[in-house]
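Q: Turn these sequences into a full structure, and let the hints guide you.
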Amino acid sequence: MTLSLQIFQFILSGLTTGSTYALIAIGFSLIHNATGIVNFAQGEFVMLGGMFMITFYSFLKIPMLPAFFLTVLAVAAIGQLLERGPIRAAKSKEILILVMITVGASIFIKGLSMIFWGKNPMTLPSFSGETPLILGGAAVMPQSIWIFGITMGVVVALNYFFKGTMTGKAMRAVAASRRSAMLTGIPVDRMILLSFTLSGALGAVAGIILTPITTTSYDIGVMLGLKGFSAAILGGYGSMPGAVVGGLLLGVLESLAAGLISSEYKDALAFLILLTVLFFKPSGILGQGRLRRV
Amino acid sequence: MGTKNKICLLIYALTIFSLPAILRNNYHLMVLNVAALNILVVIGLSLLLGYAGQISLGHAAFFGLGAYLSAIFTTTYSLPLWPTILMAMVITAMIAYLIGIPTLKLEGHYLVMATLGFNVIIYIILIQFEAVTGGPSGFAGIPRLQVGGWTFDSDFKVYFLVWAISIGALLLSLNLIHSRVGRAMAALSHNEIAARCAGIDTEGYKVKIFVLSAILASLAGSLYAHYITFISPGTFSFFYSIQVVTMVLVGGVGSLWGAVLGAILLTILPEVLHAVKEYNVLIYGFILMVVLVFFPRGLFSGIMEVFAQKKTAAPGDSPEPRFSEKRT
Chain A
788 MTLSLQIFQF
798 ILSGLTTGST
808 YALIAIGFSL
818 IHNATGIVNF
828 AQGEFVMLGG
838 MFMITFYSFL
848 KIPMLPAFFL
858 TVLAVAAIGQ
868 LLERGPIRAA
878 KSKEILILVM
888 ITVGASIFIK
898 GLSMIFWGKN
908 PMTLPSFSGE
918 TPLILGGAAV
928 MPQSIWIFGI
938 TMGVVVALNY
948 FFKGTMTGKA
958 MRAVAASRRS
968 AMLTGIPVDR
978 MILLSFTLSG
988 ALGAVAGIIL
998 TPITTTSYDI
1008 GVMLGLKGFS
1018 AAILGGYGSM
1028 PGAVVGGLLL
1038 GVLESLAAGL
1048 ISSEYKDALA
1058 FLILLTVLFF
1068 KPSGILGQGR
1078 LRRV
Chain B
719 MGTKNKICLL
729 IYALTIFSLP
739 AILRNNYHLM
749 VLNVAALNIL
759 VVIGLSLLLG
769 YAGQISLGHA
779 AFFGLGAYLS
789 AIFTTTYSLP
799 LWPTILMAMV
809 ITAMIAYLIG
819 IPTLKLEGHY
829 LVMATLGFNV
839 IIYIILIQFE
849 AVTGGPSGFA
859 GIPRLQVGGW
869 TFDSDFKVYF
879 LVWAISIGAL
889 LLSLNLIHSR
899 VGRAMAALSH
909 NEIAARCAGI
919 DTEGYKVKIF
929 VLSAILASLA
939 GSLYAHYITF
949 ISPGTFSFFY
959 SIQVVTMVLV
969 GGVGSLWGAV
979 LGAILLTILP
989 EVLHAVKEYN
999 VLIYGFILMV
1009 VLVFFPRGLF
1019 SGIMEVFAQK
1029 KTAAPGDSPE
1039 PRFSEKRT
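First to last, the sequence lines map onto chains A and B. Heads up: the first sequence at position 141 corresponds to 928 in the working numbering, and the numbers run straight through without jumps. Heads up: the second sequence at position 94 corresponds to 812 in the working numbering, and the numbers run straight through without jumps.
Honestly, the hints are just simulated from the structure, not real lab data. Wrong hints could be hidden among the right ones.
Said to hold, decoys possible - Here are the simulated DSS-like cross-link-like pairs (lysine-lysine), alpha carbons at most 25 Å apart as the crow flies:
#, chain 1, residue 1, chain 2, residue 2
1, B, K823, A, K880
2, A, K1053, A, K1068
3, A, K906, A, K1053
4, A, K1068, B, K926
Claimed, not checked - Computed footprint of chain A on chain B, listed as stretches where at least three residues anywhere in the stretch have a Cβ under 8 Å from a Cβ of chain A:
#, region
5, 839 to 845
6, 953 to 963
Unchecked claim - Facing chain B, from chain A, some residues (calculated, C-beta under 10 Å):
#, residue
7, T889
8, V890
9, F895
10, I1020
11, L1040
12, Y1052
The structure displayed is predicted, hence computed values, not measured ones. Even glycine gets a Cβ: it sits at the ideal position worked out from N, Cα and C.
A: The structure is reproduced here in structure tokens:
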């Protein structure tokens, strides 16, 4: 294989994982825009997505499509539970306290999942076979196309939701200014709840489509959450297009680094990028530079 | 430092140093020794949270840097013990400085994520860089703690050393918050903009507190390595960072005594519950969540307030925690 072909191959596989990072990054942005907090449990949503799908599809033998929607509903409900329960009950509404509550929730979910699903990694079959397609000389797994396609579908749907529907516009208003949104009669609490629900659903989708390629286990949440967060920072925290660009870019950079430099330190790269971006341009690639320095 | 603090410290030290007379069980002593080391880490974190309004989820990495740097340099390169521990502290401080500079300028939770990312990087390096760190199987044969030819080769002997260091660090920290620097930090924690207007270099103080907390963690790590004589990456995973932060939050934001109690309680608790060690993660997650939801000022703050009768005389003592962002 020539070097350029190899690089092409790496970029393709990078776009695949990058798509899931983008979904996680959007989840971070949604909750951040509605509440100003970083939801550490975002990665756990992804883990739960994979786990529920395995439970519904492989153990309960529910057909793939209904299992897919059941999983999304289940994880969205857990997202709601997180908001309805600890976040809403919190006596202090200080950002850092709320962030640490999601950290607690995240390891609590992780602990429960370990007890419930055990410690062994589990996997799902690919959605449509394992025969690789040849695309411009590079091999592409059908699952990669599913991942990329579903992610793009979700992004388009979200775009329509935020630009074309009343609820979506209300959520954007809340993101712009919670107080003015409240004054215009937007039910801010419901929008916050909705942002957690959507984030749960997005995490579930990411978990379901990623599991056939990477397998899943109870402890993958932290790493995936961090990758998604790095992607969000890279693209510009809180920005939707930024999340997509950041996610894809991070996936490609990671895949190139793993292929051309060393696969052992692949996971460290995301955080190196995170620290570099925070150092030089904390508003990210597509951020509006509104980040207030204290 | 006020009279009350002096009395508290005296009672605390007397209790600690008379405990071994009752506890002759090595296992109990070991748990308490680990508690002393956790206190070192927690004191730094408590200052960081209470006075800079920042949380670090990467102190396991600083703890690990201390442990591994001092293990590698004393064992592989046979450097002398105490200068190596000091050197580990200096290196850790420099790294913390590099992380703190970009992240502490930003408001919000960037430090949380950056330190967590750093923790993950260090963890990966400890596992992958097998030739130097011993990889997943760990690093063994680390020399024991020694002072002038006297070796601390039992839990009983180590007890007095680590607790002396731990109490010394507490004494210094209590002094620090009652000094000019401490008053500046208290001002910073109350209202950063006002503090800045009063000519306090708020950014500089935040970075300094962060570096100080990393140094304390590094010292604790070095002592841990030379005490247990064996270290493996598992000890320095992100979960330890969560544990120490939980200790601080259970103890209460901005209260050093609360943090000390939190550290002792949460070090002993899992040992008492060791029938359910599998559920350790679950328990920590649950405690962290419940305490923050219902007692955002810490579990002990109520008890401490009664005990100290709401110290109004010492304004620098337990500042209201101030977080960098408001939920508008």
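Q: Decide, hint by hint, whether the structure agrees.
A: Quick rundown of the hints versus the structure:
no.	hint	verdict
1	K823(B) to K880(A)	22 Å, holds
2	K1053(A) to K1068(A)	22 Å, holds
3	K906(A) to K1053(A)	23 Å, holds
4	K1068(A) to K926(B)	23 Å, holds
5	839 to 845	holds (count 3)
6	953 to 963	holds (count 4)
7	T889	9 Å, holds
8	V890	7 Å, holds
9	F895	3 Å, holds
10	I1020	8 Å, holds
11	L1040	15 Å, violated
12	Y1052	7 Å, holds
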